[in-house]
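S.K.: Hey, can you work out the whole structure from these sequences and the hints?
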Amino acid sequence: TQTVSQSDAHVTVFEGDSVELRCNYSYGGSIYLSWYIQHHGHGLQFLLKYYSGNPVVQGVNGFEAEFSKSDSSFHLRKASVHWSDSAVYFCAVNYGSSGNKLIFGIGTLLSVKP
Amino acid sequence: NAGVIQTPRHKVTGKGQEATLWCEPISGHSAVFWYRQTIVQGLEFLTYFRNQAPIDDSGMPKERFSAQMPNQSHSTLKIQSTQPQDSAVYLCASSLTGANERLFFGHGTKLSVL
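Chains A and B, in that order, give the protein sequences.
Just so we're aligned, residue 1 is where the first sequence starts under the working numbering, counting upward by one.
Just so we're aligned, residue 1001 is where the second sequence starts under the working numbering, counting upward by one.
A couple of the hints might just be wrong.
Stated by the list, open to error - Computed list of chain A residues with no C-beta within reach of chain B, every gap over 12 Å:
(1) S30
(2) P55
(3) V56
(4) S68
(5) K69
(6) V112
Stated by the list, open to error - Which residues of chain B face chain A? A few of them, derived with a C-beta cut under 10 Å, are:
(7) A1002
(8) V1004
(9) A1031
(10) R1050
(11) A1088
(12) L1091
Worth flagging that the hints you see were computed from the coordinates, not collected in a lab.
In this text, all values refer to a predicted model and were calculated from it rather than measured experimentally.
Yeah, the Cβ is synthetic: ideal placement off N, Cα and C, and Gly gets one too.
M.R.: Shown next as C-alpha cells:
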C-alpha cells in the first residue's frame, strides 16, 4: 500500500520561530511530492513540489522542503513564521506506478501565536 | 483568471434526495480531479478526468456516486439518494496535464445531508 503520513496533527509555535512539518511516504519507485496549504474555509493552495534534481526545493512565502530518499521523507520548513501562516498543511504524493492521483496526508494544523 | 469555480458553496439536502455539484476548471487545463474532505478521513481522491475522458474513478463509491465532464468547461459530481455519511466538503481541482503538475483547487462545496 502506498501511503503518506504526517505524524504531527497540531504544531504550535510563536511568531518568528522556525518550524518543521514532517512528512513520510512509503517508497514505490518514481515519486512526485508536494505540499499544499489550506486556510480555514478555503480550498488548497500549492506551496512547492519535488520530482528530481536538487533535494531542497523552495516554495512560496519562504517555505522550503527537503527530499530524503534514505529517510523516505519530505519535511517542510520555514525559518521565521508569521501569524498568517496559521493553516492546515498537507503533504501529497503521486507515485509513478499509480500516476493519476495525488494521495494526501491527514494534514498538520499549524498555529502561530503572536 | 477566476481560478477553479465550484457551485454551490453550500448545499443542504434531506436524506434520500439527489445532490449535484458543479465545477468549472481553469480554462486550458486538461485534467480535472474531485476529492472529498472530512475531518475523520481527510482528503479522499474520488475521480480524475483528462481531456474530458474519465481516467481513474477508483475512489468513487460504487453506488449512488457518478461524475461527468460533458465539455471542457465544466464537470459535475452527482450523488443520488444522499445519506448523512455523504456530508463533507467536495473539492474540485484542475491542472494543466495531470497529477504531476500543480493542482489548482476550488473553494469546495460543503454538502450537509440532514
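S.K.: Now tell me, hint by hint, if it's right for this structure.
M.R.: Cross-check of the supplied hints:
1. For S30/A, the condition that its CB be more than 12 Å from all CB atoms of chain B is violated, with the nearest at approximately 10 Å.
2. P55/A, annotated as away from the interface, keeps every beta carbon of chain B farther than 12 Å; the closest lies near 17 Å.
3. For V56/A, the condition that its CB be more than 12 Å from all CB atoms of chain B holds, with the nearest at approximately 18 Å.
4. Chain B leaves S68/A outside its interface by the beta-carbon criterion, the shortest separation being 20 Å against a cut-off of 12 Å.
5. No beta-carbon of chain B comes within 12 Å of the beta-carbon of K69/A; the shortest separation is about 18 Å.
6. Every beta carbon of chain B lies more than 12 Å from that of V112/A, the smallest distance being close to 22 Å; the non-interface claim holds.
7. Interface hint status for A1002/B: violated, as the beta-carbon distance to the closest one in chain A is roughly 13 Å, over 10 Å.
8. Checking V1004/B against chain A: minimum C-beta separation of about 7 Å stays under 10 Å; hint holds.
9. For the restraint placing A1031/B at the interface with chain A, the shortest Cβ-Cβ distance is roughly 9 Å, inside the 10 Å limit, so the hint holds.
10. Against a cut-off of 10 Å between C-beta atoms, the interface hint on R1050/B holds, since the closest Cβ of chain A lies about 8 Å away.
11. A hinted interface residue such as A1088/B counts as satisfied when its beta carbon comes closer than 10 Å to some beta carbon of chain A; here the least separation is about 14 Å, so the hint is violated.
12. Hint on L1091/B holds. Least Cβ distance to chain A is approximately 6 Å, under the 10 Å limit.
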